[in-house]
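Asker: Listed in order, the protein sequences are those of chains X and L.
Using my numbering, the first residue of the first sequence is number 1, and each one after it goes up by one.
Using my numbering, the first residue of the second sequence is number 1, and each one after it goes up by one.
For chains that are exact copies, the list does not tell them apart, and a pair is met inside one copy or across any two.
Dumping the calculated DSS-like pairs for lysine-lysine here, alpha-carbon to alpha-carbon at most 27 angstroms:
id : residue 1 : residue 2
1  : LYS140    : LYS215
2  : LYS200    : LYS77
3  : LYS200    : LYS140
4  : LYS140    : LYS83
5  : LYS6      : LYS180
6  : LYS29     : LYS209
7  : LYS6      : LYS58
Everything labelled a hint here was simulated from the structure, so no lab data went into it.
There are 2 protein chains.
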Amino acid sequence: MENITKILFDLFLMYACAKGMGELFERLKQPQVIGEIIAGILLGPYLLNIVPLTEFYKVLAEIGVIILLFTIGLQTKVDEMIKVGGTALVVAVLGVAFPFVFGYLYTLIIAHQTIEAMFIGAAMVATSVGITARVLADLKILDSQVAKVILGAAVIDDVIALIVLAVVTGLGKGALSYVKIGLVLLEAVGFILFLIIISKRVLPYFAPKALNLFKMQNAPFVLAILLCLGLSFVASYIDLAAIVGAFMAGMVLAELNLEFRLSLKAESLYDFLVPFFFVVMGMQVDLSVFTHLNIIGAALILTLFAILGKLLGCGLGALPLGWRSATLVGVGMVPRGEVGMIIASLGLSMGAISGDLYSVVIFMVVATTLLAPLILRRMIIKSPQLEKGKNLNG
Amino acid sequence: MENITKILFDLFLMYACAKGMGELFERLKQPQVIGEIIAGILLGPYLLNIVPLTEFYKVLAEIGVIILLFTIGLQTKVDEMIKVGGTALVVAVLGVAFPFVFGYLYTLIIAHQTIEAMFIGAAMVATSVGITARVLADLKILDSQVAKVILGAAVIDDVIALIVLAVVTGLGKGALSYVKIGLVLLEAVGFILFLIIISKRVLPYFAPKALNLFKMQNAPFVLAILLCLGLSFVASYIDLAAIVGAFMAGMVLAELNLEFRLSLKAESLYDFLVPFFFVVMGMQVDLSVFTHLNIIGAALILTLFAILGKLLGCGLGALPLGWRSATLVGVGMVPRGEVGMIIASLGLSMGAISGDLYSVVIFMVVATTLLAPLILRRMIIKSPQLEKGKNLNG
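Make the full structure from the sequences, and use the hints.
Answerer: As structure tokens, this is what we get:
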């Protein structure tokens with residue numbers, strides 16, 4: 001029982017600090033989400049050490065980010081995603097290629113290790129769609145074409161990142177199976193295509209009648225949660241990130257969203273659970289490693305490459321949307337997140353990368369996470385024409 | 001990452017089984033909550049052993065029951081509770097005295113141990129308000145006077161149970177401090193009175209203006225969650241059950257409920273989180289200990305005393321409401337829950353009670369939990385006059 005008392009205290013403190021800092025940042029006209037991350041840095045084991053970084057909070061954070069992507073998915077109709085699909089694919093591929101090459105070459109120059117360079121390159125690949133989606137949602141422009149390209153590309157680059165991870169891990173272990181790479185690719189593409197077909201061909205005709213058969217209260221919302229948990233599990237099981245499944249679950253249900261007020265109901269889960277994700281992200285930041293000048297230098301240079309890689313790669317891919325939209329897409333893809341951290345920690349545990357380079361990757365993840373929302377918000381507020389459903393150039 | 005895959009699978013399975021069994025029981029015209037508990041028995045370590053009973057799920061269950069009591073509290077106005085306060089107090093006191101004496105005397109007869117008898121008596125005292133509140137909510141009669149007496153008495157008997165626990169633990173350790181007993185009592189009563197004053201004198205004048213100062217989205221709901229987490233922690237910290245704090249948080253906000261649509265927003269949290277509480281309760285049931293005839297006999301007799309104790313004690317206390325309402329209150333107070341289990345496991349760990357008697361207490365908790373909703377539902381459905389806000393005799 002003492003255990004539960006401490007956990008309730010922690011939860012209260014995390015939630016209070018997240019919302020308090022969020023409120024402060026909102027008043028400073030900055031993204032609330034940065035306030036929530038800073039709340040985590042403050043409370044976490046590396047600074048004030050008030051809240052321990054336990055397995056429980058990590059899982060709670062995972063549930064939070066699942067709810068976040070599910071909510072985003074609910075507002076993303078399949079048709080609109082297909083419309084931007086071609087652009088998103090090009091944005092994703094170029095947005096993977098540029099940062100990988102930048103990270104690979106830079107590490108090769110400073111560390112002379114091919115495997116280490118591969119890992120650092122891989123860690124620079126995956127966009128953290130959670131951060132960007134949150135900023136887009138806070139600014140209420142999820143409906144814009146730019147937002148749709150960013151979300152589509154982020155889902156695709158998550159898939160690519162996991163294939164890159166499979167390749168790099170294979171190289172790290174000294175053995176590389178083409179069969180495994182093919183399998184990951186096949187599973188990921190099959191999963192996404194299957195869900196798109198279900199949502200277009202089956203659900204619209206079947207769901208409204210089926211829902212009437214249930215006697216329980218709030219059946220549509222209960223079944224939506226069930227689908228969200230189920231697809232998050234499936235995505236995680238086939239080695240995709242769980243959040244890809246959560247996003248797909250939301251997208252599959254997007255057509256039914258208005259009729260059954262799913263977004264409205266999911267909003268409460270969002271208010272309660274999502275802040276814990278950003279607080280826990282902040283709790284994992286160790287500021288103390290950056291006391292050595294050469295590590296600070298490497299961290300700054302890698303961060304610069306991480307930003308330039310997405311800006312050039314994704315911007316180039318989004319050029320058909322016009323110069324201004326392309327820049328927005330480029331900036332929107334800059335934040336890295338948990339996938340980058342996971343790849344780096346995997347490399348560390350396999351002995352493929354050094355502790356110093358691990359810290360450098362973590363810095364890059366945090367810096368891109370903190371910087372991108374600031375720039376994105378500033379750019380979007382300066383673009384009053386970027387209203388709901390409108391393309392900047394359309 | 002494999003860890004999170006398994007957890008997502010477990011969460012999906014727990015939620016799916018809870019809702020599936022709930023739907024089945026709804027169709028059988030039985031309380032959904034029993035379906036959810038049975039889902040837990042099926043999945044748990046003692047039967048199919050699919051979902052492990054980890055610390056994570058126990059905490060998730062605790063958050064679930066906190067949300068449950070918070071939601072109930074939101075629908076319970078302070079004025080109406082004060083109106084039934086006198087009756088609730090008498091119901092609570094008699095409902096503690098009768099089961100304690102029954103349990104004490106029966107254990108003394110079969111086991112001849114005073115300390116053991118004290119522990120068993122104490123374990124029979126506390127009503128599990130969660131179960132009854134859920135049944136009352138499912139039947140949509142939370143507004144009735146009977147429901148208010150039950151909820152008020154359950155909160156009071158939780159306080160008394162914790163004082164009894166303090167006394168019995170003191171006896172078990174061989175030393176008993178009157179100061180400590182006084183302190184627990186003072187803290188509990190002070191906490192509740194303080195909150196009632198805040199909710200009557202401060203909040204109605206202060207809250208609507210204060211809420212306008214916030215810039216964040218959904219500020220009223222966010223602050224309601226904060227209050228719920230905060231008071232749950234405080235209640236837990238002063239050795240009350242956390243759910244007493246959650247209930248009080250809801251009750252304090254009940255006056256603002258309609259204006260800020262708090263119940264409506266909390267409903268989504270309820271739909272997502274509350275089922276995990278009942279599933280985890282079911283997961284803790286070990287059916288295998290009941291293979292010895294004498295243990296089955298003792299379990300049945302103790303269960304009978306547990307039912308009679310509340311029926312007679314609480315029924316007697318509620319007699320001023322009329323015979324029929326008194327019976328409903330008596331039955332509504334029958335379910336025991338986690339407090340009974342905690343007292344029993346404490347006695348076991350202190351060597352004050354035997355393993356067999358521990359199993360007997362667990363059986364009593366489970367049996368009262370499963371039986372009471374069945375009887376309550378049957379009685380309420382047969383009482384069509386028990387409509388919102390109406391007393392059976394008024």
